[in-house]
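Enquirer: Protein sequence lines, in the order shown, are assigned to chains S and W.
Using this note's numbering, read the first sequence as starting at 1 and increasing by one per residue.
Using this note's numbering, read the second sequence as starting at 1 and increasing by one per residue.
In short, the hints are calculated from the structure, not lab data.
The structure presented is a predicted model; accordingly, all values stated were derived computationally and were not measured.
C-beta atoms are modelled at their ideal positions from N, C-alpha and C, and glycine is treated no differently.
Please note: incorrect hints may appear among the correct ones.
To be verified - Calculated pairs, EDC-like style, for lysine to aspartate or glutamate (alpha carbon to alpha carbon, straight line, at most 20 Å): (1) S/K15 to W/D147; (2) S/K15 to W/D10; (3) S/K113 to S/D77.
Stated by the list, open to error - Derived list of chain W stretches under chain S, where covered just means 3 residues or more per stretch with a C-beta under 8 Å from a C-beta of chain S: (4) 21-27; (5) 53-65; (6) 72-78; (7) 85-96; (8) 106-118; (9) 122-129.
What the hints assert, rightly or not - Here are a few chain W residues that sit away from chain S, every Cβ distance over 10 Å (derived from the structure): (10) R42; (11) D43; (12) E49; (13) T50; (14) N82; (15) Q136.
Residue-level listing of the chains:
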Amino acid sequence: MADNPSPDAKIFSPKTRFQTLARRPGGVPRGQAVDNALNNVEETKLGFDEWFEGELNGLIDAIERAKSGAHVDDWIDAAIFHTHNLRDVGTTVGFELLTFISSTFCTILDGIKSGVECNVESLTCHVDALLLIRKKQYRNLRPDQLPELSRGLHRVAESVSIVPKTGQK
Amino acid sequence: MAERTINLRDLLILVADPSPFLCLLVHGMLRGFGANKVLEVRDSPGVLETLNGHKIDVLLCDGALPPHGGFALTRTIRRNPNNENRTMPILLMTSDTREATIKAGRDAGANMIVAKPLSPASLYDRLAWVAFNPRQFIDTETYFGPDRRFKIEGYPNGIGRRKGDGAIEVAKETGPALAQDDIDSLFNAARTGQN
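Extracted from the complex, chain S is given alone in its bound form:
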């Protein structure tokens, strides 16, 4: 727990506009607000393709550097940046397969960043899996609808990163 403030600390209660105005009556009730937000997220999906291509190309550039033998510091941050973006957006827009692939990819890359030896094959197979998301028929699938792919990626992530084995705590 944080330390108590020193005796010389000034303690005050700021009046912020946010706290004053956000409490006004007339706001959007939570249930309706969440529904509205989900509808807006659906509309935003229209721009997904363009965004996805940009993220994927950035990721492929980073992984190509890894494959060419570049030092891990030269590519890992870019790779992590793009895979985290893919995972975060995938989850927010409800593309579960994208979320799954990018999550196991994040696990591998976070492991490499922490010092785990880089296994180029594991990076390549994840990039290949992400290429499937370009196709709309795959984009809306869940991981359990592609069990072989899902199990394979999970096994790869287990074998080359610090992720605990299935069933192990």
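Put chain W on the given structure of chain S with help from the hints.
Expert: Just chain W now, kept in the frame of chain S:
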């Protein structure tokens, strides 16, 4: 805890994230909540420039905002006595939910950490929590920001409380990732000096 309704109309909200698409998603969520004044920037210099020209009511900032990250930016904003936005609520959005990272966000002066991936429900609840649970500010030589002393008094909009919840001990070591509920428990129900 009863559900709280927030009114975001006419509040100026700044969303800072390097990903234009994620900004768009957050912007869409905020519009769904009733917000009608949302600005977007992609990096820390953009935030500081915007703060110079606008009175921002709440900042939603990516923890990894280029070039130095949202945590450093939060510290910079809080520690600048000439910044009129110094006490605005700051919510840091991050995928890195290790306990050490959450503690770093708290120590930087963030009001709340919001775990990525974002969901509309979690974002609404965290904004409601900040709106209805004002915290005193502490101003010392080494820290300026919301009171960092915490205890569990319930989650935003009644999100489940675990049976064993008690006072929070923050580990020294870097630990495993935390769920949003655990993050809330670190940022929840600030003690305002009465206890």
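Enquirer: Are the hints correct? Go through all of them and say.
Expert: Outcome of the hint check:
| no. | hint | in the structure |
| --- | --- | --- |
| 1 | S/K15 to W/D147 | holds, 15 Å |
| 2 | S/K15 to W/D10 | holds, 17 Å |
| 3 | S/K113 to S/D77 | holds, 8 Å |
| 4 | 21-27 | holds (count 4) |
| 5 | 53-65 | holds (count 4) |
| 6 | 72-78 | violated (count 0) |
| 7 | 85-96 | holds (count 4) |
| 8 | 106-118 | holds (count 5) |
| 9 | 122-129 | holds (count 5) |
| 10 | R42 | holds, 13 Å |
| 11 | D43 | holds, 13 Å |
| 12 | E49 | holds, 20 Å |
| 13 | T50 | holds, 16 Å |
| 14 | N82 | holds, 16 Å |
| 15 | Q136 | violated, 5 Å |
Figure legend: structure checked against the earlier numbered hints; hints not met, in rising order: 6, 15.
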